[in-house]
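Those protein sequences? They're chains A and B, same order as listed. Using this note's numbering, the first residue of the first sequence is number 205, and each one after it goes up by one. Using this note's numbering, the first residue of the second sequence is number 5, and each one after it goes up by one.
I should point out that these hints are in silico values taken from the structure, not numbers from a laboratory. There may be inaccurate statements among the hints.
Stated by the list, open to error - List time: in silico BS3-like cross-link candidates among lysine-lysine, alpha-carbon distance up to 27 Å:
(1) 337(A) <-> 88(B)
(2) 102(B) <-> 327(A)
(3) 366(A) <-> 102(B)
(4) 296(A) <-> 337(A)
(5) 136(B) <-> 88(B)
(6) 136(B) <-> 366(A)
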Amino acid sequence: MSLNRRQFIGLGAVAAAGAVLAPALKLIDLVQARSPDEAVTALKRWGLLIDTVKCVDCDVCVTACHEENGVTGHGRPATDAQWIRKVGLRDKRTGHVQTLPLMCQHCEEPPCVDVCPTGASFKRADGIVLVDKHTCIGCRYCMMACPYKARSFIHEVVTDQKPDVPRGKGTVESCTLCVHRVDRGEIPACVEACTKDGGQAMLFGDLNDRGSAIYQRLRAEPSSQIRPDLALNTGVRYQGL
Amino acid sequence: MLGPAVKSDCDMTPFTVGLLTVLLMTAGPAVAEDKKPARVVLPTVKIEKGEQCVEPTDEMRRNHMNMILHQRDRTVHEGIRTVKHSLKNCIDCHANPKTNSVIGKDGFCASCHTYAAVSMDCFECHSPSPRKDAAGGKPATSRLDMQRDQLQRVTAPKPLAAGAPVKGAVP
């Protein structure tokens with residue numbers, strides 16, 4: 205039985221609707237939470253956008269980070285671990301001071317990964333740069349290679365770690381972008397704290413997702429990387445520098 | 005005659021000694037088990053929670069280290085956080101309720117590893133205590149919610165546009 209004109213047009217309309225809707229459904233799929241047994245993929249790239257104009261003179265991001273990850277010090281600033289720190293910039297001519305949080309910039313081309321002799325320093329498929337402490341031998345090459353001084357070495361025995369954040373003597377560590385929270389579908393602790401109690405200067409999201417707030421802001425407004433000359437393509441971007 | 009007799013005697017002696025040694029060795033632990041001498045501290049294998057582990061007991065005793073090792077790489081590198089073979093799942097069930105830990109003298113992991121004289125360094129980095137919210141953790145907000153919240157925040161008519169840096173600065 206052949207199709208008459210009306211049936212043909214009907215089928216054509218269905219096919220056209222399918223072609224239009226399929227990519228949209230695909231996009232929605234990408235946004236939804238990954239199930240725990242699914243591996244991360246390069247479809248996503250997690251990133252941060254920090255608006256230094258809104259960054260006020262507080263350190264809730266630092267406190268929240270260290271609380272979330274169980275990073276405690278011994279009162280020795282030279283050697284205590286620092287996952288995130290507030291950096292102050294002062295314009296020598298005008299005296300204008302601005303502050304910004306600085307942490308692992310989650311580079312696309314991370315120098316720490318290049319120099320690691322054991323493969324412990326690695327970049328996850330979704331762009332988060334991590335240290336696999338099972339294979340880290342504590343040589344600290346990555347600390348020397350990092351242009352942002354983002355990594356710390358654990359000099360002393362650690363107790364009372366958070367169950368989600370293993371930390372131990374003799375290994376290097378840095379900001380994990382709260383990978384344990386991100387894998388649960390939550391946002392990093394610093395961003396949450398800044399949104400709630402700080403200047404709402406931090407935005408977390410998927411740099412690859414055209415529908416995400418961070419993608420749209422980066423597209424619409426000017427932003428910069430720290431040390432763009434190194435061509436590392438950082439996942440952490442700044443505004444107002 | 006004397007020569008061969010002596011020779012055969014010499015042949016027998018090591019055999020007898022060997023036999024006796026084997027008998028003694030097999031009898032030794034049995035006797036020891038009956039009397040339970042205080043010199044050897046036996047492991048505290050006390051299951052605190054649940055009736056059945058994630059795999060049959062024999063399988064767990066022989067291969068738990070492989071499961072944890074396999075899971076660890078999948079978790080760290082691929083972000084796969086299934087609960088079943090995770091170290092946190094071990095700890096959540098097996099932690100001693102008194103010490104809230106799997107290490108220490110009566111810790112599930114430590115006591116058996118001490119008995120078997122196999123060192124483990126999991127707990128030089130990992131917390132030996134269960135998660136605080138192990139009983140009822142709050143459900144994670146989905147990514148969609150997260151994105152929606154952030155989008156609303158961005159598109160909303162700038163809450164801090166006036167540059168008021170500190171909340172509640174004006175009484």
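Now the hints, each set against the structure:
Our distance criterion of 27 Å between C-alpha atoms is met by residue 337(A) and residue 88(B), whose separation comes to about 22 Å. Distance hint between residue 102(B) and residue 327(A) is unfulfilled; the C-alpha atoms sit about 40 Å from each other, more than 27 Å. Annotation: proposed proximity of residue 366(A) to residue 102(B) holds, straight-line Cα distance about 19 Å (limit 27 Å). Proximity of residue 296(A) to residue 337(A) is assessed by CA-CA distance (about 42 Å); at most 27 Å being required, the pair is judged violated.
Distance restraint check for residue 136(B) and residue 88(B): the Cα-Cα separation of roughly 18 Å lies within the 27 Å cut-off, and the hinted pair is therefore satisfied. About 10 Å separates the Cα atoms of residue 136(B) and residue 366(A), which keeps this hinted pair within 27 Å; it holds.
The earlier numbered hints that this structure contradicts are 2 and 4.
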